[in-house]
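**Student:** These are the residues of each chain, in order.
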Amino acid sequence: MMAQNLKHSSILRTLCITSRNYSEYKSIYERDEAGRQPRKVHGKEYPEWRRPWSQRDGEWTSKLSIFVEKSPSMNVLNAMQNLPNLTFQDLKEWWAEMRVIQEIQNQKYLPERVVALGSNLAALHFFVYRQSAVRLKDKKEWLVGDVVTLKLPDTYRDGYFVEAIDCSNFHHNGIRYEGLQNLSGLNYLKWLSLRNNKYVDVWCIDRIAGQNGETLEFLNLMGCKLCAGCIYALARMPALKFLVINDPGDNIELQAALSMLEEERPDLLISIQDDTETDVDNKL
Amino acid sequence: MNFSRILTKNIKKYIVLSNRNYAKFVNPFTRTWDTINNEIKSGFKQQSDYPEHADVVIIGGGFIGSSVAYWLKNRAGEGLSVAVIEKDTTYEMCQNMHSHGIITQHYSLPENIYLSQYSADFLRNIKKNLKEDVDIEFKPHGTLILASEKYASKLEENVSLQKEFGISNKILTVEEIERLYPWINTSDIKLGCISKESEGAFNSQSLLKGLIQKTQELGATYLKSEVIDFEMNPQQDILMEGVAPGSFKKINRLVYRTEDNQEIFLKFAVCVVAAGSDSESVAKLANIGTGGGLLSVPLPIEKREYNVYSIENEGSRMSFGLNTPFIMDTSGLWLKRDGLQKKLICGQIPLIKQDKNISNSDILYSSLHNRYPESVKSEVKPISTDFIDCNTYDDTGILGPHPYHTNLFFATGFSRQGVQHSPGIGRAVAELIIDCQFTTIDLSRFGFDRILIDEPLIESNVY
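Here the protein sequences line up with chains C and Y, keeping their order. Numbering-wise, the working numbering puts 21 at position 21 of the first sequence, and it's gapless, one number per residue. Numbering-wise, the working numbering puts 211 at position 211 of the second sequence, and it's gapless, one number per residue.
No lab work stands behind these hints, which were simulated from the structure alone. Check the hints yourself; a few may be wrong.
Claimed, not checked - Straight-line alpha carbon distances no greater than 30 Å define the calculated DSS-like cross-link-like pairs of lysine-lysine that follow:
1. C:225 to Y:209
2. C:40 to Y:128
3. Y:196 to Y:170
4. C:108 to Y:196
5. Y:131 to C:108
6. Y:214 to C:92
7. Y:128 to C:225
8. Y:131 to C:44
9. Y:127 to C:198
10. C:225 to Y:343
11. Y:127 to C:108
12. Y:128 to C:198
13. C:108 to Y:128
14. C:44 to Y:154
15. Y:343 to C:137
16. C:241 to Y:214
17. Y:150 to C:44
18. Y:224 to Y:196
19. Y:163 to C:92
20. C:198 to Y:209
21. C:44 to Y:163
22. C:198 to Y:224
23. Y:170 to C:190
Working from the sequences, and respecting the hints, build out all of it.
**Tutor:** In structure tokens:
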């Protein structure tokens, strides 16, 4: 009832502007009134040693010049220049690119989400609503479901600590580099399965090592893009005890790096498994 | 009437078919006329294989030059014709540089922070940006910066500044460094700093090759030649601040000498100087440093070289493991592990003031034995010499147009940061040329103007 009343008054407010808006996006008239501002580069004033000829004393410029804002966007010009060569394949590729951008934006780390829920609950929301399973500390059951079936708290509550995340069924082909940032701040994360996430590569494992390397004990990287560089990132995880990967195959460098890692860390167990075996992460 | 016409046509067809010509027979008179016509149309000039006009000329085809060419072609496609002039296509000056293939996030200037963040993004998506078969071989071992008493507070300030830009660097105390890396001598260190992500070593050669191949595929012309001279035309009607009226001379063409010793004039609209250590001599050809007024300030870029050594110990156990970051010591010494092999590579950034009594290798040995005590027992031998283009004014790169020659852009002097920042720098120069302003990262403070007005831009997190 209160909300409806408020909505009506905000519409009226936009119809008759009664006060000045002090935000950044000033209109061209307000900017012209404010006059020439000193140029700022990264917050500091830039020392100009000469001024354009039109701004010297005694030079005249038309008042209509406040309407001259920007030159035409060069990206639009580039697209127009390629218009005669446009093929159906180009349109398909453009649409596929747009889908990728959408997916990355959907998986981005949102500071607003973390501010509202706290990093553990925010991660819980993120992973559960994208069809992965999460297990909390001191609990035995895995939380799986979507918005309708599972009622997760929508404000910060104490006592939720994420201990294990199973991303095997992550929707839309798997978790991306930007999505892994949601694992930051999870201080009790011990168990992580990135099985069948084909977009996980060196950079992703490096990010995991930096964010969660202190506490992570189990890591499942089956189906990910492994290379010799991944082993450097794994060496930076001091608490890692169990690692599950695919067969390195012909990659000699990767095999050498794996044997060096095994030699250095006698308490780390590396298990090489095929995709045909039933899932190791059988909700231990 | 119609019937007879059809009949003659059929008879002619039959005669022509029975001749069975497999080549198009052109009447000799037609042939002569066509040849003369073509000659007249081209103005009786000899057709040369070398280009005589390009919209943008890039002098120097190394990391920065190829990156600028890539971004120009990426954004403008067929709209800009780009020519890259490189005098040494074997890239002897860039090959096997052990200090080149490192990416770090430890910077204190906002421009450098943005540039290295963008480089990490570019290298992560390199298969999409360049071709599918480029393998950058990223090895994320991290970078550890060590600070003594003097620089500890500066390091803390820099880390809090970096947090504002989203970079999570962790400060390590002496106990933590000793626990994680017990083979380092920490007696004179107060603090260390290590980054959590996107830091490590990559294969810079594959980056260069990928850039060159993609740029050539997009349509840029690579010329194996050397720039000899710039041609300046007096333009008396131009008025410019700092220049006596009527004395302005504009650079329109440059002369380049090709492989077979032909000297060809190349007319351009914009010229980008990305020649690394040779940038000063190229700038001298444009009278920068030798003229008067605005042209009296030379380009302060010098070539510095330093030796890179390898430390190895046959047969005995090395105490460092796979978790060996790229260590940047307080004395300018850097240590890195040589891939999967059990040896270390080290080098030292030379001091600004050379002390004649102590040689560079003595300084290196003393700092090395101090930091890594086991190296006393190991064999240290020089493996190569690294060349960098160093900006002697304030050790930061020069990027932007010259105040007098407004169509001459510089993109040199980045010393050790050149390779890792090359994607961001190339994009910035392309923005200056196409949009006439910086749209993504604002690198105005890297301009040549700071040398004229004497405002040095110093990066305090780099030794």
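**Student:** Run every hint past the structure and note whether it holds.
**Tutor:** Hints versus structure:
1. Taken as a hint, the residue 225 (chain C) and residue 209 (chain Y) pair is honoured in the structure, with Cα atoms around 23 Å apart against an allowance of 30 Å.
2. Our distance criterion of 30 Å between C-alpha atoms is broken by residue 40 (chain C) and residue 128 (chain Y), whose separation comes to about 35 Å.
3. For a cut-off of 30 Å, the pair hint linking residue 196 (chain Y) to residue 170 (chain Y) stands: about 7 Å separates their Cα positions.
4. Proximity of residue 108 (chain C) to residue 196 (chain Y) is assessed by CA-CA distance (about 19 Å); at most 30 Å being required, the pair is judged to hold.
5. Taking the CA atoms of residue 131 (chain Y) and residue 108 (chain C), the gap is near 26 Å; set against the 30 Å cutoff, the hint holds.
6. Between residue 214 (chain Y) and residue 92 (chain C) the alpha-carbon distance is near 22 Å, which keeps this suggested pair within the 30 Å criterion.
7. Restraint check for residue 128 (chain Y) and residue 225 (chain C): the C-alpha separation of about 16 Å stays at or below 30 Å, so the hint holds.
8. Taken as a hint, the residue 131 (chain Y) and residue 44 (chain C) pair is broken in the structure, with Cα atoms around 39 Å apart against an allowance of 30 Å.
9. With a C-alpha separation of about 15 Å, the suggested pair residue 127 (chain Y) and residue 198 (chain C) falls inside the 30 Å cut-off, and the hint holds.
10. Between the alpha carbons of residue 225 (chain C) and residue 343 (chain Y) the distance comes to roughly 27 Å, so the proposed pair stays at or under 30 Å and holds.
11. Taken as a hint, the residue 127 (chain Y) and residue 108 (chain C) pair is honoured in the structure, with Cα atoms around 21 Å apart against an allowance of 30 Å.
12. Between residue 128 (chain Y) and residue 198 (chain C) the CA atoms are separated by roughly 16 Å; this keeps the pair inside 30 Å, and the hint holds.
13. This hinted pair checks out: residue 108 (chain C) and residue 128 (chain Y) have alpha carbons roughly 20 Å apart, not beyond 30 Å.
14. For the suggested pair residue 44 (chain C) and residue 154 (chain Y), the alpha carbons sit about 19 Å apart, so the restraint of at most 30 Å is met.
15. Distance check on the hinted pair: residue 343 (chain Y) and residue 137 (chain C) sit about 43 Å apart at the alpha-carbon level, beyond 30 Å; violated.
16. Proximity of residue 241 (chain C) to residue 214 (chain Y) is assessed by CA-CA distance (about 43 Å); at most 30 Å being required, the pair is judged violated.
17. Between residue 150 (chain Y) and residue 44 (chain C), the direct Cα distance comes to roughly 26 Å. Compliance with the 30 Å bound is thereby established for this hinted pair.
18. Proximity of residue 224 (chain Y) to residue 196 (chain Y) is assessed by CA-CA distance (about 42 Å); at most 30 Å being required, the pair is judged violated.
19. Between residue 163 (chain Y) and residue 92 (chain C) the alpha-carbon distance is near 40 Å, which puts this suggested pair outside the 30 Å criterion.
20. At roughly 27 Å between alpha-carbon atoms, residue 198 (chain C) and residue 209 (chain Y) fall within 30 Å of each other, so this suggested pair holds.
21. Straight-line distance between C-alpha atoms of residue 44 (chain C) and residue 163 (chain Y) comes to about 19 Å, which keeps the hinted pair within the 30 Å bound.
22. The suggested pairing of residue 198 (chain C) with residue 224 (chain Y) is violated, with an alpha-carbon distance near 42 Å, which exceeds 30 Å.
23. Simply put, residue 170 (chain Y) and residue 190 (chain C) have alpha-carbon atoms about 21 Å apart, close enough for the 30 Å limit, and the pair holds.
Hint compliance for this structure: hints 2, 8, 15, 16, 18, 19 and 22 are broken, all remaining hints hold.
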